[in-house]
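K.L.:
Work out the full structure, taking the sequences as your base and the hints as a guide.
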Amino acid sequence: MDDLYLDNIDEFVHDQNKIVTYKWLSLTLGVHVNTAKQMLYHYLEQKRRESSGTPLHATYLVSGKCVENGSTCHKVSVVREDKLDAVKAKMDVTVSVHVYSVQRAELKDSSPLYSTDYDAVKENLKNCNKYSAIHCAAAVPMSSVELQRAQEVALVTPVEKEISKPHLNESTSATSKPSAKQPSGIMGMFASKNASKSQESSKEVKTEQKDDSALVETSKTKPASKANPMSNFFGKPSQKKVDEKPNKSIKEETDGNSATSGTASMKRSQSSPKSEFAIKEEQSKVSSALKVESKDTRNKSKRPEVLDSDDEKMESQQKKRRRIKKPQPDSSDDEVVPDSPPVPNIQTPSPKKQVKRESVSHQEESSEVKRRKRRRVLKSHTFVDEEGSFVTEKGYVSESYSESEEEPEPNSKAKDSSSLKQSFGKREEEKKEKSQKKTSAANKPTKQPSIMGFFQKK
Amino acid sequence: MATLTRQDLNFGQVVADILCEFLEVAIHLILYVREVYPSGIFQKRKKYNVPVQMSCHPELNQYIQDTLHCVKPLIEKNEAEKVVVVIMDKEHHPVERFVFEISQPPLLSISSETLLSHVEQLLRAVILKISVCDAVLDNNPPGCTFTVLVHTREAAARNMEKVQVIKDFPWIVADEQEVHMEEAKLIPLKTMTSDILKMQLYVEEKTQKT
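Line order of the protein sequences matches chains A and B.
The first sequence runs 1 to 458 under my numbering.
The second sequence runs 1001 to 1210 under my numbering.
Read the hints as simulated data drawn from the structure, not as lab findings.
Careful, some of the hints might be misleading.
What the hints assert, rightly or not - Where chain A lies over chain B, by a calculated footprint (3+ residues, C-beta under 8 Å):
{"#": "1", "region": "1047 to 1054"}
{"#": "2", "region": "1125 to 1139"}
Said to hold, decoys possible - For lysine to aspartate or glutamate, the following EDC-like pairs were computed, each having C-alpha atoms within a straight-line distance of at most 20 Å:
{"#": "3", "chain 1": "B", "residue 1": "1190", "chain 2": "A", "residue 2": "15"}
{"#": "4", "chain 1": "B", "residue 1": "1047", "chain 2": "A", "residue 2": "109"}
{"#": "5", "chain 1": "A", "residue 1": "108", "chain 2": "B", "residue 2": "1134"}
{"#": "6", "chain 1": "B", "residue 1": "1190", "chain 2": "A", "residue 2": "119"}
{"#": "7", "chain 1": "A", "residue 1": "108", "chain 2": "B", "residue 2": "1035"}
{"#": "8", "chain 1": "B", "residue 1": "1047", "chain 2": "B", "residue 2": "1089"}
{"#": "9", "chain 1": "A", "residue 1": "108", "chain 2": "B", "residue 2": "1138"}
{"#": "10", "chain 1": "B", "residue 1": "1090", "chain 2": "B", "residue 2": "1178"}
{"#": "11", "chain 1": "B", "residue 1": "1190", "chain 2": "A", "residue 2": "11"}
{"#": "12", "chain 1": "B", "residue 1": "1046", "chain 2": "B", "residue 2": "1024"}
{"#": "13", "chain 1": "B", "residue 1": "1047", "chain 2": "A", "residue 2": "119"}
{"#": "14", "chain 1": "A", "residue 1": "122", "chain 2": "B", "residue 2": "1138"}
{"#": "15", "chain 1": "B", "residue 1": "1046", "chain 2": "A", "residue 2": "109"}
By construction, the Cβ of each residue, glycine as well, lies at the ideal position given by its N, Cα and C atoms.
P.N.:
Right under this line is the structure:
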């Protein structure tokens, strides 16, 4: 490759006073990211050798294994040049070091690094990984049909989770606001479930489903339980992945998205929720694919039973019903979830859970920072799951981990339940639907909600 | 979409809102980047989908908000020509002036649905430019303070003195020494042009700062 790029970078850095990150450079010049990294390195070397003119500052991306708090973890962090050696020394094994950005200004914080990439990535959103080093053959953009199905699936699983929440709420102390509002008993759970429905269209769908409760009732529990084991199946390994050894590729992705200067721990905590979301996304995609395959005629027969649906919602309703019913035949999935309780007897409308999940994920996505604060407040609520002990544990964990987001599994579940509780309190007065099922679905990983949030954000 | 004119006060208010929000973020960012206040009082917040540093100090925030609250009516009527953030040293001699030259086209037309997201993108670029401005500016001496000046028309200035928009927050005519800087270097930072707003940001910097 000729040396024209050196002049290009020179122009960007000196004349335009830009921050040149490797990602921005690769998108601007149309080269592979590894090429861009090398370009920056050569440029830096050349300028340093010349040692003339204005000083250049650089940031580096360091990733490697280190031991923190007794546990080995894989850290990826963006560090300033002056801290590079210190960070490298701290790591047991340094897996990779490369130039992240070159700029004239000495950056005080990492916000400009993110801003630089933001517009470049936004413009190339469809093919922003064209030059990326991370590849996955299975990662193909979904067609619109698949997209719709995935959305329905995501709606099903949150509802399941929500259904269990009221049960938990009832048994908690009166300090919990949502729980306080719930009437006791199963009907109370249903009522509170109804009340806490959001105004999203899926909720309206569920109202209508309530009208057809007799028909849906039977199917709802099973679908909910079905979805839960499924999500659990994906949730557990993915959570472990996030917890112990964050997927490096995902981290690199998040690196591009949110560069953090300074401490590695901050970086990790920031990227772990993001990697969590990325994993949730994968999870939903896979689960939706599985659900699509198992469609049966029963779903179609249910369609005419949707009586009060609007024309607009008809299709989504039907699809929702389809979703609810699908898991019914596949009760064999329970084995993949070792600690999931058996299918619950009480039937709850899984759509409710869907709605709650959706609203939860929507809330989660809408204001992540605010969410964290809210979560801290809500985490003080401990909810006891009547079914299994591990929800209780999560309740406790939620308290202790209120300060840090480093434990995605307990955190995410706590967050989910806490945010569900909040949505509960908010929507209590709005709609009335039966909540039929109290399932172990409540304990399902919270990956699903964030998937909806991912879609909604778009 | 409809073509609105300046007589459509609603639209003028929208532009003023956007601009005042932006100026608030910009002022906070200038205070952070130029180290007028210790960086500990700043926390990362989100604006225009990117992280920005905003101060947590309640009095500082209140001061900036009150300032911009008074500027807003001027912007609505398109009477504000420049909004200047002046950084002064201990002796109250200005060392840096961040000048936001604002102008609104007389015939505002919202012709595009993506107008606001386009404006957001432009404002994001200005924010980014402020973040890296310390590459082109010399360091300030310690103990600096700041103030905000507004260049406007004579009539509007008299109005401002008469009508206190916020109680106990009077605006006074600026001293000559704050307005004019000797031996000033002009460093352009960013220009943005959009359908609803034109803004130019440059810095007048004193050659000898200490």
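K.L.:
Work down the list of hints and note, for each, if the structure agrees.
P.N.:
Results for each hint:
Counting residues of the region 1047 to 1054 of chain B whose beta carbon lies closer than 8 Å to any beta carbon of chain A gives 5, which reaches the threshold of three, so the coverage claim holds. Check on the region 1125 to 1139 of chain B: 10 of its residues sit with their Cβ under 8 Å from a Cβ of chain A, so the three-residue criterion for coverage holds. For the given pair, residue 1190/B sits about 13 Å from residue 15/A by alpha-carbon distance, which is consistent with the 20 Å threshold. Proposed proximity of residue 1047/B and residue 109/A is supported: the alpha carbons are some 16 Å apart, at most 20 Å.
Distance hint between residue 108/A and residue 1134/B is fulfilled; the C-alpha atoms sit about 10 Å from each other, no more than 20 Å. The straight-line distance between the Cα atoms of residue 1190/B and residue 119/A is roughly 16 Å, inside the 20 Å bound, and the hint therefore holds. Only pairs whose Cα atoms come within 20 Å are accepted, and residue 108/A paired with residue 1035/B is accepted, the gap being roughly 10 Å. As the CA atoms of residue 1047/B and residue 1089/B are separated by approximately 30 Å, the hinted pair breaks the 20 Å bound.
About 15 Å separates the Cα atoms of residue 108/A and residue 1138/B, which keeps this hinted pair within 20 Å; it holds. At roughly 13 Å between alpha-carbon atoms, residue 1090/B and residue 1178/B fall within 20 Å of each other, so this suggested pair holds. A distance of roughly 17 Å separates the Cα atoms of residue 1190/B and residue 11/A; the hinted pair therefore holds under the 20 Å criterion. Restraint check: the Cα-Cα separation between residue 1046/B and residue 1024/B comes to about 13 Å, which is no more than 20 Å; the hinted pair holds.
Note on residue 1047/B and residue 119/A: the hinted pairing holds, with a Cα-Cα distance of about 14 Å set against a maximum of 20 Å. Under the criterion of a C-alpha separation no larger than 20 Å, the hint pairing residue 122/A with residue 1138/B is inconsistent with the structure, at around 33 Å. Pair hint residue 1046/B plus residue 109/A holds up; C-alpha atoms about 14 Å apart against a cutoff of 20 Å.
Taken one by one, the earlier hints fail for this structure at numbers 8, 14, listed in ascending order.
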